[in-house]
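Participant: In case you want the letters, here they are:
2 protein chains.
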Amino acid sequence: MSDPSAAQNPADSIGGRGEFALIEAITRRLPQGAEVSVPPGDDAAVVLVDGTPIVLTTDVLVAGVHFRTDWSGADDIGRRAAAASLADLVSMGASPVALVVALTAPRSTDAAWVLRIADGLRDEAALTGASVVGGDLSGGETISVTVTGIGGLAGRAPVLRSGAVAGDQVAVAGRLGWAEAGLAVLTRGFRSPRTLVEAYRRPEVPYEAALAAAASGVHAMCDVSDGLVADLGHIAVNSDVHIDIESNLVAIGEPVATVAAAYGSDPLPWVLTGGHDHALVGAFAADALLPEGFTRIGSVKERARSSADPQGEHLVSVDGEQWSGPSGHRHFDG
Amino acid sequence: MSDPSAAQNPADSIGGRGEFALIEAITRRLPQGAEVSVPPGDDAAVVLVDGTPIVLTTDVLVAGVHFRTDWSGADDIGRRAAAASLADLVSMGASPVALVVALTAPRSTDAAWVLRIADGLRDEAALTGASVVGGDLSGGETISVTVTGIGGLAGRAPVLRSGAVAGDQVAVAGRLGWAEAGLAVLTRGFRSPRTLVEAYRRPEVPYEAALAAAASGVHAMCDVSDGLVADLGHIAVNSDVHIDIESNLVAIGEPVATVAAAYGSDPLPWVLTGGHDHALVGAFAADALLPEGFTRIGSVKERARSSADPQGEHLVSVDGEQWSGPSGHRHFDG
Numbered sequence: 192m193s194d195p196s197a198a199q200n201p202a203d204s205i206g207g208r209g210e211f212a213l214i215e216a217i218t219r220r221l222p223q224g225a226e227v228s229v230p231p232g233d234d235a236a237v238v239l240v241d242g243t244p245i246v247l248t249t250d251v252l253v254a255g256v257h258f259r260t261d262w263s264g265a266d267d268i269g270r271r272a273a274a275a276s277l278a279d280l281v282s283m284g285a286s287p288v289a290l291v292v293a294l295t296a297p298r299s300t301d302a303a304w305v306l307r308i309a310d311g312l313r314d315e316a317a318l319t320g321a322s323v324v325g326g327d328l329s330g331g332e333t334i335s336v337t338v339t340g341i342g343g344l345a346g347r348a349p350v351l352r353s354g355a356v357a358g359d360q361v362a363v364a365g366r367l368g369w370a371e372a373g374l375a376v377l378t379r380g381f382r383s384p385r386t387l388v389e390a391y392r393r394p395e396v397p398y399e400a401a402l403a404a405a406a407s408g409v410h411a412m413c414d415v416s417d418g419l420v421a422d423l424g425h426i427a428v429n430s431d432v433h434i435d436i437e438s439n440l441v442a443i444g445e446p447v448a449t450v451a452a453a454y455g456s457d458p459l460p461w462v463l464t465g466g467h468d469h470a471l472v473g474a475f476a477a478d479a480l481l482p483e484g485f486t487r488i489g490s491v492k493e494r495a496r497s498s499a500d501p502q503g504e505h506l507v508s509v510d511g512e513q514w515s516g517p518s519g520h521r522h523f524d525g
Numbered sequence: 192m193s194d195p196s197a198a199q200n201p202a203d204s205i206g207g208r209g210e211f212a213l214i215e216a217i218t219r220r221l222p223q224g225a226e227v228s229v230p231p232g233d234d235a236a237v238v239l240v241d242g243t244p245i246v247l248t249t250d251v252l253v254a255g256v257h258f259r260t261d262w263s264g265a266d267d268i269g270r271r272a273a274a275a276s277l278a279d280l281v282s283m284g285a286s287p288v289a290l291v292v293a294l295t296a297p298r299s300t301d302a303a304w305v306l307r308i309a310d311g312l313r314d315e316a317a318l319t320g321a322s323v324v325g326g327d328l329s330g331g332e333t334i335s336v337t338v339t340g341i342g343g344l345a346g347r348a349p350v351l352r353s354g355a356v357a358g359d360q361v362a363v364a365g366r367l368g369w370a371e372a373g374l375a376v377l378t379r380g381f382r383s384p385r386t387l388v389e390a391y392r393r394p395e396v397p398y399e400a401a402l403a404a405a406a407s408g409v410h411a412m413c414d415v416s417d418g419l420v421a422d423l424g425h426i427a428v429n430s431d432v433h434i435d436i437e438s439n440l441v442a443i444g445e446p447v448a449t450v451a452a453a454y455g456s457d458p459l460p461w462v463l464t465g466g467h468d469h470a471l472v473g474a475f476a477a478d479a480l481l482p483e484g485f486t487r488i489g490s491v492k493e494r495a496r497s498s499a500d501p502q503g504e505h506l507v508s509v510d511g512e513q514w515s516g517p518s519g520h521r522h523f524d525g
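So the sequences go chain by chain: B and W.
Residue numbering for the first sequence follows the working numbering, beginning at 192 and increasing consecutively.
Residue numbering for the second sequence follows the working numbering, beginning at 192 and increasing consecutively.
The hints are simulated quantities; they were obtained by calculation from the structure and are not laboratory data.
Ideal placement from N, C-alpha and C gives every residue a C-beta, glycine not left out.
Among the clues, some could well be false.
Stretch-level coverage of chain W by chain B, calculated; a stretch enters the list once three of its residues show a Cβ under 8 Å from a Cβ in chain B [as the list claims (entries may be wrong)]:
id	region
1	247–260
2	314–325
3	342–348
Could you put the whole structure together from the sequences, leaning on the hints where they help?
Facilitator: Right, dumping it as structure tokens:
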């Protein structure tokens, strides 16, 4: 008997349908109860538990897709897995409180290696004051780490993707393109420049800057996990605006520029579409003083009513021109 | 280069160390912040978010370990994955509010099959009033479903494993052994009796009875996911008591008895060690009127000080004798 989970026709498979389209189809089937104040579609959901808004997000990293065990140490993998959820929480303006983790791994996996994953989760969580409060462990052919985080808003409204308005400044905190450059280095079989490889292995998420932005009343914010252009596209779609990036304002890190020159590559695609750094990007009022750590990289414009692109890729321009490079980060299996 | 995640020596592997020992070693490395009111070690953790206690639990199901796609439909898998987390929440006395799900699957997986997983999650969550509020989807060689649930206590204290006292009645709600018998049927290549196969595919968790028990002031409660003897062992260890099961009080369902007779098997091991039904077991005050759905199956005794078994298996007896059968549910890879 054939496996009932396998698509008979490639067009009907997850790969054929596309991840975003499938997530949209799933979301349409999920009714949202009265306690849900921010439904699926933002960096995290917000639900009321006994009247208190709780911010909730889950992310899974899979060996061979999001990381390679020969390229990243177990502690790096733990840190990255925690960072993915923590970045989603702070991008909503939530202070992270707790993480839980589900780990699958073959029974032949080194137990000490698993302990170092836990250390990485613990150390990354500690940067935000959150605790790792539980988990599940299962056999399985593939190593995967799923981290779910919850956080609180301390009475503030959550920061959504939908709050940007024309005239806003667009600003970014954290690195752009460093991890993608590090990945390019590793892909070519090198281990240096070390600073880029380390940036790939272990993102430095600007947690404090994100929470400062939330406290300052940022209009919209998003974690850069799909790539700057793609994630600004999410803000543009949800806010019904157009966003223009001014490339001369986007910092290209010195080692990124150096490696790009050495490889004869243009560093701009790494910076505009790299997804591993977990930078934070937000839309701030035109006259706002940007919180420490944020740098202006562009501005929010009225949306031209003629464009109607559901993915929002056409709602983001670079120096006034439509970006014609890759639209966003692709994982190894993309 | 060898895979750094693989144990060089089988004794150092996850399988060699054992899942429980590894979870204990992980837990010891995780400091718990001031907001953590119930740390790892119970069915779920409890953390304070902006002063409100939030109950939080995560469970992962893996194809080939916890389910087989030729034995369970996608909606069954979704229901079981949701039930695992929801049962943990209600066993703490928490009303489930929201679930998030992380799914990994090969890109060749049928998208419609994935949608039916979402339907199963949705339908099981709806039984408790909870909403599925988000998730993540990733490629990966193995299908896995990780469900994280959060719930609220409405001002009540959480129900812990540690509250049983000598003299308490031990009572169970829900089925015992039905799913294990269904698994035995499927393992032998049969598809009937259908009622047992369905019990394996789709647990019927006594959500309402569990919440009624919490409201009635049950002393301790636990979801039966490792098997009755093993899970009562958790209550016995955490409460520092001995628990005696009276086998004549433990209902053996008619189809379970019939199939056991047909296979020449003793049904008692299925009932005492089966882990797929997600029954709830609790310790109630000696004079308590048991909530609807609960049936007394034994009692809590003083712990004999001579026994010192950290796994607590020796802290549970059946008709006054130490249980010498299998100690708890084992998954396919056990």
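Participant: Each hint: holds or not?
Facilitator: Hints, verified against the model:
For the region 247–260 of chain W, the assignment as covered by chain B holds, since 12 residues bring a beta-carbon within under 8 Å of that chain's beta-carbons and 3 suffice. Note: the region 314–325 of chain W has 7 residues with beta-carbon separation from chain B under 8 Å; the three-residue rule is met and the coverage holds. Residue count for the region 342–348 of chain W with a Cβ under 8 Å from a Cβ of chain B: 5. That meets the three needed, and the coverage hint holds.
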